[in-house]
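Engineer: One letter stands for each residue in the lines below.
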Amino acid sequence: MSAAPEVIAAAPRAGGCALQRGVLGIVLFVLAWEGIARGFHLPSYTLPAVSDILASIYAKRSILFTAAGFTLTEAVVGYVIGALIGVTLAVVITLVPPTRAVLLPAATAINSVPVVAYSPLILLWFGIGMPSKFVMVALAVSFTVFLSTLAGFDRVDRRSVDLLRSFGAGRLAILWRLRLPTALPLMAAGLRVSTVRAIIVAIVTEMLGAYGGLGWVIYQAVLQIDFVQVWGAIFVASAASLAFFGLVGFAERRIIFWK
Amino acid sequence: MSASPLTHPAVTPGGSAALRLLGPLGRLARGLAILLAVFAAWEALVVLFGIRPYYLPRPTVILAALVQTPAPYIQGFLRTLSETLIGFASGALFGIGMGLLFFRARALRELVFPLFIVSQTIPVIAFGALVVLWFGNTLFAKAAIAFYLTFFPVTVNTLLGLESVDPRQEALLRSFGASPLQLMTRLQFPTALPQIFVALRLASSLALVGAIVGEWFGDTVGLGVLLLQGMYTENVVSIWATLLVSALLGTGFYAAVAGAERVLVFWGAEQ
Amino acid sequence: PAADLTKATLRLKWLPQTQFAGFYVAAAKGYYKDEGIDLTINPGGPNLLAENLVATGADTFGLSGGLDSVFAARDKNLPIVCIGIAHQMTPFVFVARADGPIKTIQDFKGKTVTTWFTGANHVLNAILAKNGIDPALVTIQPQQVSVTPFVDGQVDVITATRYNEYYTIKTRMGEEKLRTFVAEDSGITFPRDTLIVSETTAKEKPELVKAFLRASMKGWKDAFNDPKGAVDTVMAIAPTLDRAHQEFQLAEAKKLMVAGKVPEKGLFWIDMDAVKVTQQLFVDAKVISKPVDLAATFNTSFLEAIPLADRKP
Amino acid sequence: MTIGHSGLARLAAAPDAASASSAPAGPYLLEMKGLSKRFGSVTAVSGFDASIAPGEFVTVVGPSGCGKSTLFNIVAGLEEPDAGSILRFEGKGCHAHELLGKVSFMPQRDLLLPWRTVIDNAVIAMEIEGRSRKASRAEARDMLPEFGLAGFGDQYPHQLSGGMRQRVALMRTFMFKRELMLLDEPFGALDALTRTMMQRWLLDVWRQHKRTILFITHDVDEALFLGDRVIVMSARPGRVKLELKVDLPRPRSAELVTSPEFIRLKRIVLEAIEEEAMKSFLASGAAAPQTDAMPEVQP
Amino acid sequence: MTIGHSGLARLAAAPDAASASSAPAGPYLLEMKGLSKRFGSVTAVSGFDASIAPGEFVTVVGPSGCGKSTLFNIVAGLEEPDAGSILRFEGKGCHAHELLGKVSFMPQRDLLLPWRTVIDNAVIAMEIEGRSRKASRAEARDMLPEFGLAGFGDQYPHQLSGGMRQRVALMRTFMFKRELMLLDEPFGALDALTRTMMQRWLLDVWRQHKRTILFITHDVDEALFLGDRVIVMSARPGRVKLELKVDLPRPRSAELVTSPEFIRLKRIVLEAIEEEAMKSFLASGAAAPQTDAMPEVQP
Ligand SMILES: Nc1ncnc2c1ncn2[C@@H]1O[C@H](COP(=O)(O)OP(=O)(O)OP(=O)(O)O)[C@@H](O)[C@H]1O
Ligand SMILES: Nc1ncnc2c1ncn2[C@@H]1O[C@H](COP(=O)(O)OP(=O)(O)OP(=O)(O)O)[C@@H](O)[C@H]1O
Ligand SMILES: [Mg+2]
Ligand SMILES: [Mg+2]
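Residue numbers (our numbering), protein chains in the order written: chain A, 8 to 266; chain B, -15 to 255; chain C, 8 to 320; chain D, -17 to 281; chain E, -17 to 281.
It is possible that part of the hints are untrue.
Computed cross-link-like contacts, EDC-like style, restricted to lysine to aspartate or glutamate with a CA-CA straight-line distance of at most 20 angstroms [stated by the list, open to error]:
| id | chain 1 | residue 1 | chain 2 | residue 2 |
| --- | --- | --- | --- | --- |
| 1 | C | K83 | A | D59 |
| 2 | D | K248 | E | E121 |
| 3 | D | K192 | D | D210 |
| 4 | E | K84 | B | E154 |
| 5 | C | K83 | C | D278 |
| 6 | D | K248 | E | D173 |
| 7 | D | K159 | D | D124 |
| 8 | E | K248 | D | E243 |
| 9 | C | K262 | C | D278 |
| 10 | D | K84 | A | D169 |
Don't read these hints as lab results, they were simulated from the structure. As the structure is a prediction and not an experimental result, all values here were calculated from the model.
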């Protein structure tokens, strides 16, 4: 099949010392930022100081946390829907091979359009409420999950399939006992990469029209020329992404223990 | 001994050889046939169920729009293409460079890598306004966003590729007295190339996303502009036409990168 | 001669359309060049704020959101100066169904009203306040990109710009099916589409500002006199636009631009009385923390330096 | 340093002499007559005839690519032979796919599922048969000591050495209780020493379980050490080149491989194989070797 | 079905008897005295003594993990031995790293670079030495027929069979013209038949090129068939367990492996190895075998 797994492996793991260095790196970066912003008296619309941003996050915490909850809801619901669609499609193609000739090219074609390009259409179709965000996130997630799951299903050793067949196993049994577990690592990689995308897509769509959420907060803050708040929302978004990513990564390590 | 190479089986099965010869053309024909079928089904669906045109216009209407006013779509295509190319190329070079640097300087990598990761969780669009402030209303502002989305996967995969070098292979070259530079050019970089290309293929789509999003920040030409315009004037036909052009651009660019990969990484990822 | 031209940019508030026809006509006909300006027109977009770009020097001129965003910018200490106002009256109308239950502003109570939270919401609040309606009694929601929810009857009142959404609703439903509520009927005027420059430009390059205003006025007058030509000019830049819509838009823009004191004072006139009223509105609504320095924010001297005959539409 | 031409000549008479004594009497468990299989223009197997009696241990050797695995795939029911081939199982003619689930098959690699413990890997075939999971697990646990896996039941494959993994794969094959077992180079991936240990152990297990085994290998020592009978296949398309009865006493011990009788049999098999290896090299389309010692077996 | 206890007893005297006759006279090319190497808490090699005379073909066998590759890494200059170890090359004492670029080393796998043609793979060592690319390519092209690769110079590794790849790797090693060649299980990945062919061919090439070869293998037949001398290593930590002179006539032909003298030597080596394999199994910490036939060589 032509759909190569496009899943980028996770960043190299960090050891104990590496962790310390990583924290040090972030601290240095923040200090440099603070120094530059304060030292050059940069106006907030160019680059606000980190301390100001943190202070603003604290001051506006209830707005930001509500918005983050809004965005996370959109991202997680869309993510789950997208993941289910992606896995289902891959299962259908595997169980009913003739569908591959139709579904795979169609999926690849739809996937060749950058997701954000769909947003105008989706907003027109589904309005600016949560449903349009669900659809956008699901769209972005489902293709990644679909392609990585299918690649996982296809990666299974032909000889293993033959072995189970020789035991009298049918397609479903082979899918359940062999293809699914084989595909898990690739699926998980797809799921992990999708977490960050889910949140970014939710925010991007919110900025084009929404009733709330971090993207909406950013949009409003830009209009009110409140760049400290823009940065505050970016910080919160980034933290939410990291948390979502970490959570899925943790679940992955628990489930795929044999790697 | 003028033998034929052994992997080309001495006798190639006739049927499959013919198929392979037909390969690219045949696949193209099949792809076009499927496309036509999809369009026909779509047209029929809209007509039969009387779907309102501002929900889903008929494909013939979309194609007609493309044919009647091709100029904005062609200009948009070219403009977005150049932004994508510049962002992609700079992101790829920077990504590979950082990968090499991180590979050689472990301490630096541990210091900077977490920042790279965090940077990727920032929604680009939040940056749009700032990028216009920093880079002005130029093509480079868009390319900068494409760059931002591109470099990270390339860095990660370059690093992973370099680290996947077989230590025995390295030992072999060292036993021949190879210097670090010789190791890099003759072993490490070529080994990493397949991995790098996986990232480049991904980056080709991301660069396009970056260019389109970048165009939402005040521009006159580009596919992103056409999308916005279509959205705010509720011109669904124009949105669809732009989607089709984006698909063309996306597929074409991806195919180009994949083609380059096939030529440069002719030996395949597995060995 | 190209070497003598001063480079400058104009940042619009939105994508190219005939709402900005005069500027495009002036550029196309070389009026800016005649005034010694090599002007680039940069469109806006969602998420872009002309005030910000002008304040930082990224753009020379800005056609910004309106008095609301000018006040907000000054409130945040952005060094910008308003040198003219394009739309002399409120460009928004509130639209309900003619055959629906909403006959007067009072009927907004208990109904769903959608509006943009980018300025139009202030107008809505002011209208409600003027009519003694507690905003809490009205369900105010952010407005969709599409007018479909209103057309489908999911929303009772929708906000529309006279030149954009109103046209879309009208073509989809028929004008006779619509009832409109205008801010001016409640004694409120909300001028929008303000021309701004940075304080530095205002101080150091007054001639440039005047030259820009002169050329722009010329462009606009041409656009009013030859709407077809103006639409052609804009459509050359954004060919995917709908011509009929753009013609309508230009006609509406003209109405907005020649309203108020413009017949006596000329295009882009800054009606300080209207400005003061609007500021009070914002202070009352706590949109800005304190009144701004009006003298520093609004500078009519550039307009006044142009002979009145040239300014009159 | 030569593929002795004298050897080839000498061999000409050998196969028939040897195979004359090799066919066991009685009703056969598996009979193959004129078995053929083409893949496109490649004929993998052509006119293969052999019969396996119940309880026999038959080993198959032959040059790489001669169709050994293809043969096994047919007998395991995974692939249909070409028209005209005759396949009889337990005295009845049948289609290959009817053998699915009736023959216990172990492929070239251990193919353990990394997410299953030793026990769960061993019971997978029974699980697919729909047998009670609990009962089959208990049964597997009881068999662990016999397979040298006592105490390893709850380990995962990646925690095992190559030899142990191979034993788990064998245990899985044994637990799928079918009269006929097909083992395709089960020890091919092991180093020479581990391999020797495993051979001796396999004979032990086979003696206790009394199954019929068809065993593919590349290694002549292994074929002779294990088999009641050795089938040497010709170069592609695979046919029977030589059937050789191995009249060595059982149980067989390590010293056997250096006994004169073993050496005598080994010489016969080696010469037959060498002739075929040479053929397969010539058939691969290469010109005659430049040195006298570079025949290439793999296509 | 046992690891003959009688065998172990008989062996007790054997090593010394055998090794007494094994040391060749004259100045040595390579001398190792008390060579040791620890990795953390694992002692891979400990007190290894051996000397290699110019032109000799010495083979090394030993259980898996006994430190053979570690030994080669030291001699190739890739790893320093622990303090107290003595390493002499061409009569002069030296550090291991001084040997980098002085010894021609071929690791366990062919390790061909997939993006280089056969020729370019063969010349990589010369390229690293800084020799003219054109000249070395021409030289490589001339050597192709000898290595059975005529006409394959511009092919890529993935187009070659396993045996041919191995020959390219050997060609690369030969083209790095150094007195001493270290070959670490060069045929380990080949099937038994290809392997036999390659052995005979290697002897041929060696005869013509007159190099000194140190050759690691797991296969006793291979060690005896190729070597002037066989060094059997003990289980980890690796020492010399047995040095055995192989007084078989050269050139050696395929029939040799079934000759009585060969069988006699094989028996000696097998017993020495089996004792060590058993030791290494017991040392691996596993419980005593449950059946009498499941020793495990790999830890
Ligand atoms: N599914 C298939 N499609 C096409 N050709 C095949 C297929 N399976 C096997 N072949 C071909 O049939 C021939 C015999 O293959 P097979 O795997 O049976 O050989 P083998 O004797 O098992 O070899 P080895 O000793 O290397 O395992 C080979 O030339 C192979 O390329
Ligand atoms: N770099 C290293 N770090 C730690 N331990 C090592 C290292 N290299 C080798 N060892 C250990 O030293 C021992 C000897 O390893 P070595 O590779 O030399 O064995 P070998 O005899 O070549 O085995 P095989 O026959 O399997 O190739 C092993 O236990 C191995 O785990
Ligand atoms: Mg096989
Ligand atoms: Mg080793």
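Engineer: A separate judgement is required for each hint: does it hold in the structure or not?
Structural biologist: We went through each hint and held it up to the structure:
With a C-alpha separation of about 15 angstroms, the suggested pairing of C:K83 with A:D59 holds against the 20 angstroms cut-off. Taking the CA atoms of D:K248 and E:E121, the gap is near 42 angstroms; set against the 20 angstroms cutoff, the hint is violated. For the suggested pair D:K192 and D:D210, the alpha carbons sit about 13 angstroms apart, so the restraint of at most 20 angstroms is met. Proximity of E:K84 to B:E154 is assessed by CA-CA distance (about 16 angstroms); at most 20 angstroms being required, the pair is judged to hold.
With a C-alpha separation of about 23 angstroms, the suggested pair C:K83 and C:D278 falls outside the 20 angstroms cut-off, and the hint is violated. Between D:K248 and E:D173, the direct Cα distance comes to roughly 17 angstroms. Compliance with the 20 angstroms bound is thereby established for this hinted pair. Of the pairs offered as hints, the one joining D:K159 and D:D124 holds, with about 15 angstroms between alpha carbons and a cut-off of 20 angstroms not exceeded. Annotation: proposed proximity of E:K248 to D:E243 holds, straight-line Cα distance about 16 angstroms (limit 20 angstroms).
A hinted pair counts as satisfied when its Cα atoms are at most 20 angstroms apart, and C:K262 with C:D278 qualifies at roughly 17 angstroms. For the hint pairing D:K84 with A:D169, the CA-to-CA distance comes to about 14 angstroms; that is within 20 angstroms, so the pair holds.
Checked against the numbered hints given earlier, this structure breaks hints 2 and 5; the rest are met.
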